[in-house]
Amino acid sequence: MRYDTITEAIGNTPLVRIDPSVHGLRHIDLFAKLEMLNPFGSVKDRPAWFMARPHLQQGAGGDGTVVELSSGNTAKALALLAGMHGLRFRSVTNRMRVPEIKELLLLLGAEIEELPGQSECLDPTDTDDPLTRFHQALSEPDSTYLHTDQYFNPRNVEAHATGTGPEIVKDLDGRVPDWFIACVGTAGSSTGVARVLREHDPRVRVLGLVADKADFIPGIRTIDEVHQVGLFDPATYDSLTSVTSQDAIDGMVTLIRRCGLLSGPTGGAAYRGAVRHLESVDAELAGTGSRRTAVFIVCDRAESYLSYVRRRRPELLGAARRGHSAAALTDGEVRAEGRAVEVGEARRWMADGDPRPLVVDLRGPHAYAALHIEGSVNIVDELFEELVRTGLPFSKRTPVLLACPVGEKSLRYAALLTRMGHPDVRSLAGGVVAWRDAGAPLVRE
Amino acid sequence: MDAPLYLRPRVEPPLASLLQDAPFLHALCDALGSPLNVLLPEVVAENAERFRSVYRRHHLAGRVYFAHKANRSSALVRRLAACDPAAVGIDVASLDELRHALGCGFTGDRVMATGPKDRDFLWLAARVGATVNLDSAGELEQLAHLVRRHGLGRVDVLVRLSEFESDAGPTGSGTRVLSRRSRFGTPVGRSGEVWEALERYADAVELTGLAYHLDTTAPEEKARALERCVLLMDECRGRGLRPRAVDIGGGFGVGYVDDAGEWERWTTALSEAVLGVRPSLTWRGHGYGLRNEGGTVRGTAALYPAHRSVAGPGYLDALLSRPAPALGRPPATLLLEHLNDLYVEPGRALVDQCGLSLARVLDVRPTEEGPARHLVRLGMNAGDVSLEEHGVLVDPVLLPRDGGGDGRRPEPSGGGPVGVHLVGNLCLEADLITRRLVYLPRLPCAGDLLAFVNTAGYVMDFHAHRAQRQPVARTVAVARGEGAWRWCPDEDYWPLTDPQGVPS
Numbered sequence: 001m002r003y004d005t006i007t008e009a010i011g012n013t014p015l016v017r018i019d020p021s022v023h024g025l026r027h028i029d030l031f032a033k034l035e036m037l038n039p040f041g042s043v044k045d046r047p048a049w050f051m052a053r054p055h056l057q058q059g060a061g062g063d064g065t066v067v068e069l070s071s072g073n074t075a076k077a078l079a080l081l082a083g084m085h086g087l088r089f090r091s092v093t094n095r096m097r098v099p100e101i102k103e104l105l106l107l108l109g110a111e112i113e114e115l116p117g118q119s120e121c122l123d124p125t126d127t128d129d130p131l132t133r134f135h136q137a138l139s140e141p142d143s144t145y146l147h148t149d150q151y152f153n154p155r156n157v158e159a160h161a162t163g164t165g166p167e168i169v170k171d172l173d174g175r176v177p178d179w180f181i182a183c184v185g186t187a188g189s190s191t192g193v194a195r196v197l198r199e200h201d202p203r204v205r206v207l208g209l210v211a212d213k214a215d216f217i218p219g220i221r222t223i224d225e226v227h228q229v230g231l232f233d234p235a236t237y238d239s240l241t242s243v244t245s246q247d248a249i250d251g252m253v254t255l256i257r258r259c260g261l262l263s264g265p266t267g268g269a270a271y272r273g274a275v276r277h278l279e280s281v282d283a284e285l286a287g288t289g290s291r292r293t294a295v296f297i298v299c300d301r302a303e304s305y306l307s308y309v310r311r312r313r314p315e316l317l318g319a320a321r322r323g324h325s326a327a328a329l330t331d332g333e334v335r336a337e338g339r340a341v342e343v344g345e346a347r348r349w350m351a352d353g354d355p356r357p358l359v360v361d362l363r364g365p366h367a368y369a370a371l372h373i374e375g376s377v378n379i380v381d382e383l384f385e386e387l388v389r390t391g392l393p394f395s396k397r398t399p400v401l402l403a404c405p406v407g408e409k410s411l412r413y414a415a416l417l418t419r420m421g422h423p424d425v426r427s428l429a430g431g432v433v434a435w436r437d438a439g440a441p442l443v444r445e
Numbered sequence: 001m002d003a004p005l006y007l008r009p010r011v012e013p014p015l016a017s018l019l020q021d022a023p024f025l026h027a028l029c030d031a032l033g034s035p036l037n038v039l040l041p042e043v044v045a046e047n048a049e050r051f052r053s054v055y056r057r058h059h060l061a062g063r064v065y066f067a068h069k070a071n072r073s074s075a076l077v078r079r080l081a082a083c084d085p086a087a088v089g090i091d092v093a094s095l096d097e098l099r100h101a102l103g104c105g106f107t108g109d110r111v112m113a114t115g116p117k118d119r120d121f122l123w124l125a126a127r128v129g130a131t132v133n134l135d136s137a138g139e140l141e142q143l144a145h146l147v148r149r150h151g152l153g154r155v156d157v158l159v160r161l162s163e164f165e166s167d168a169g170p171t172g173s174g175t176r177v178l179s180r181r182s183r184f185g186t187p188v189g190r191s192g193e194v195w196e197a198l199e200r201y202a203d204a205v206e207l208t209g210l211a212y213h214l215d216t217t218a219p220e221e222k223a224r225a226l227e228r229c230v231l232l233m234d235e236c237r238g239r240g241l242r243p244r245a246v247d248i249g250g251g252f253g254v255g256y257v258d259d260a261g262e263w264e265r266w267t268t269a270l271s272e273a274v275l276g277v278r279p280s281l282t283w284r285g286h287g288y289g290l291r292n293e294g295g296t297v298r299g300t301a302a303l304y305p306a307h308r309s310v311a312g313p314g315y316l317d318a319l320l321s322r323p324a325p326a327l328g329r330p331p332a333t334l335l336l337e338h339l340n341d342l343y344v345e346p347g348r349a350l351v352d353q354c355g356l357s358l359a360r361v362l363d364v365r366p367t368e369e370g371p372a373r374h375l376v377r378l379g380m381n382a383g384d385v386s387l388e389e390h391g392v393l394v395d396p397v398l399l400p401r402d403g404g405g406d407g408r409r410p411e412p413s414g415g416g417p418v419g420v421h422l423v424g425n426l427c428l429e430a431d432l433i434t435r436r437l438v439y440l441p442r443l444p445c446a447g448d449l450l451a452f453v454n455t456a457g458y459v460m461d462f463h464a465h466r467a468q469r470q471p472v473a474r475t476v477a478v479a480r481g482e483g484a485w486r487w488c489p490d491e492d493y494w495p496l497t498d499p500q501g502v503p504s
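Residue numbers (full-length UniProt numbering), protein chains in the order written: chain A, 1 to 445; chain B, 1 to 504.
Only chain A is shown next, with the shape it has when bound in the complex (with noise of 0.2 Å):
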């Protein structure tokens, strides 16, 4: 395989089984076509080329931004789309929820904007909704937004109507699927498949998936959000079902862990809504020795969604901590082992100690920088505690004074550092705060 350019890998994306003792449905082949696999990394790349390549051409070597309301994937095809081109592209979004993708954008070259929240003190007369302001900017004249416009543009549907549609049916030898399932964020790639799928053989069944009202799974929308989807028509569906964040993750790591699909969780929300869709049609197949066909899409990969399943599942992710850890010790052994001097005895251990005690200040580095006790050194508590889960940072011959804001993590610490056999750690009772009402000097630097 030999490109000229990257947008020529877009589409063609492999149709994979899966193996029937994960799924446990007997008489219905289900596959899953890797969208993951595009390029860009997901089901995105053919709508935002399509929908981009005109004004892409038009606008190549100009001054010009692309637009998008995106929250992920659409924007992430964009902004590397624009690059390309010479231009910029700038995301507006009220969705941008999960941080590694924030941070991927911005790795590419995007513009985040994210709107505003609701207003607390509302104002019922108010029509100054940030949306509407935003298509205000775009249509004002002279101006050099390119706007995809991905809820409303047939582009997004015809993407999928010439691509993902027709390798489907190509990829079953011709043959139509029984059931066909996506998950519903701009409505393109199921409108669109849904469409060729139909025209091939109209008994294929369509199911649509949403996310439950009061959840939060990229890429897909809730049932009420749909309805402001311009793309969206109902009767694309013969059913609508709505799956949650926690369906997402337990069908992603079944994707992850027993298929080999690197799948993110929207791909995982799709295939736990297949299956547990296709249960009962599987039930009803029985005996009656005829076969079914269901394809879903996996639309993008696992690794920008760490912290949305660290949030909601961190068992997952965290093996049990290993090696010394203040947060192990019981409040009964903090106060039992640790040992706290007050202001007016530490600054005399501090002025006549022999050796003098070193300082060890745990707050955050611009705190310190802003207000800190002359000759403390600076060691932040989360990297404290990366430092003494192997052993003592100190030689045991250094006398040790840990301050804290208020001298309760430092009492902790001096509890932990003391049980792991340092002889003289101390905590400065009341902290920082009681230093500084005590009146003694605070330097910044």
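Don't read these hints as lab results, they were simulated from the structure. Predicted model only: the values in this text are computed from it and were never measured. Cβ coordinates follow ideal geometry from the N, Cα and C atoms, glycine included.
Here are the computed lysine to aspartate or glutamate pairs in the DMTMM-like style, where the Cα-Cα straight-line distance is at most 25 Å:
id, chain 1, residue 1, chain 2, residue 2
1, A, K170, A, D201
2, A, K213, B, D259
3, A, K213, B, E293
4, A, K213, B, E272
5, A, K396, A, E408
6, A, K396, A, E374
7, A, K213, A, D233
8, A, K213, A, D224
9, A, K396, A, E385
10, A, K396, A, E342
11, A, K213, B, E220
12, A, K213, B, D258
13, A, K213, A, D250
14, A, K213, B, E264
15, A, K213, B, E262
16, A, K213, A, E279
Residues from chain B shown here face chain A by an in silico Cβ test under 10 Å; the list is partial:
id, residue
17, E165
18, R180
19, G250
20, T300
Using the hints, position chain B against chain A.
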């Protein structure tokens, strides 16, 4: 009839037990008339204590300032005045609020003066030793001149900042978080002018902290502003100023509706009604800001998020605990490490569960849409509860005249759930207590009471009962006299006499 779409209120003790004593509430309304606001002053102190417990959890010092504008009540202010002076203060936004707070027992040093201020307000605030939350360099100048001219003591001031969205400076985290433009505060980009003015008027004012108020429910914007303030505090200290507190304003929210499912079902049904796939949920198909454009819902629902899983002190806790956008450490840690006190100014959240509004049912009749929808006319008007002004959607609690459905009274029209439009006592088509079709467990009768939970606490604020204690317009009658206009107060005018009392 469609399945009833309830939005039942969150009711906690002691309000819940008050609501169970229908005979008492009926007796109150019989004696004092409808509408009637009933307050529970003890609850406001309990709410302040809940905020204080968040402070303690994060080892933070500083005060909780009640935003007086939330409610004009004396009982609430007096109850708060009786709280620990070091823990609870009051935020006043008008001259009369300041006078009221002082009259209710707050000493000047527990008062924060915010909002738009005239000279009288500034003078009295400075005179009693209140902290003045400065809106601009111009206001600082005005205050400083007053202090000098009238020989007042040095006044503690906070500087209120705004427009944190620009990313210049050490907190740039790549993305631009847009914020609604505010009329209040000095843009961060122009804060240099304020620092210079503070230095110029050092004899008259002393900077004790920085403040912001963002009109948003989004913690992202607040966390960013908070973090920026912590860093600006250090900048001020670097200039030799000695600020101590960061005032993060209010906006902690209240959950009005108890059940998330009810709220979700109702808002989904609203979208569907706007699209025309189900019957309207509102008077004349009002869409609360949503509209149907070719089968797609456009616009934003102008509704207060009536069900909130995190609100009030819980919201403060969450805000203080989430990582800050640039420095990564939670705001509580930043405040503590940088040796800053925290001020908050909750209004709505502090009067949560503090009261209810009672309205007598005056008349019940079916609408043209059939027996499934009734008009219920109340002894109250839209201005008395302001539910629509605030986009707050919550059902009233039905308090039957006889004290409950114990069978002593014949059940009207089958007795099941019924959809009603609650209309007010004004002769005005627009006087609807709520534009929404409200479902009640059964049809009320004339003489029953409806209790709107929480409205006496907050929703009555700006619109009902002159909560902010700004003066109301006086009315005068004028007449053309001999070569000049003459006037008299409206109430003194009679057609027989000259306005100045000279017989004509």
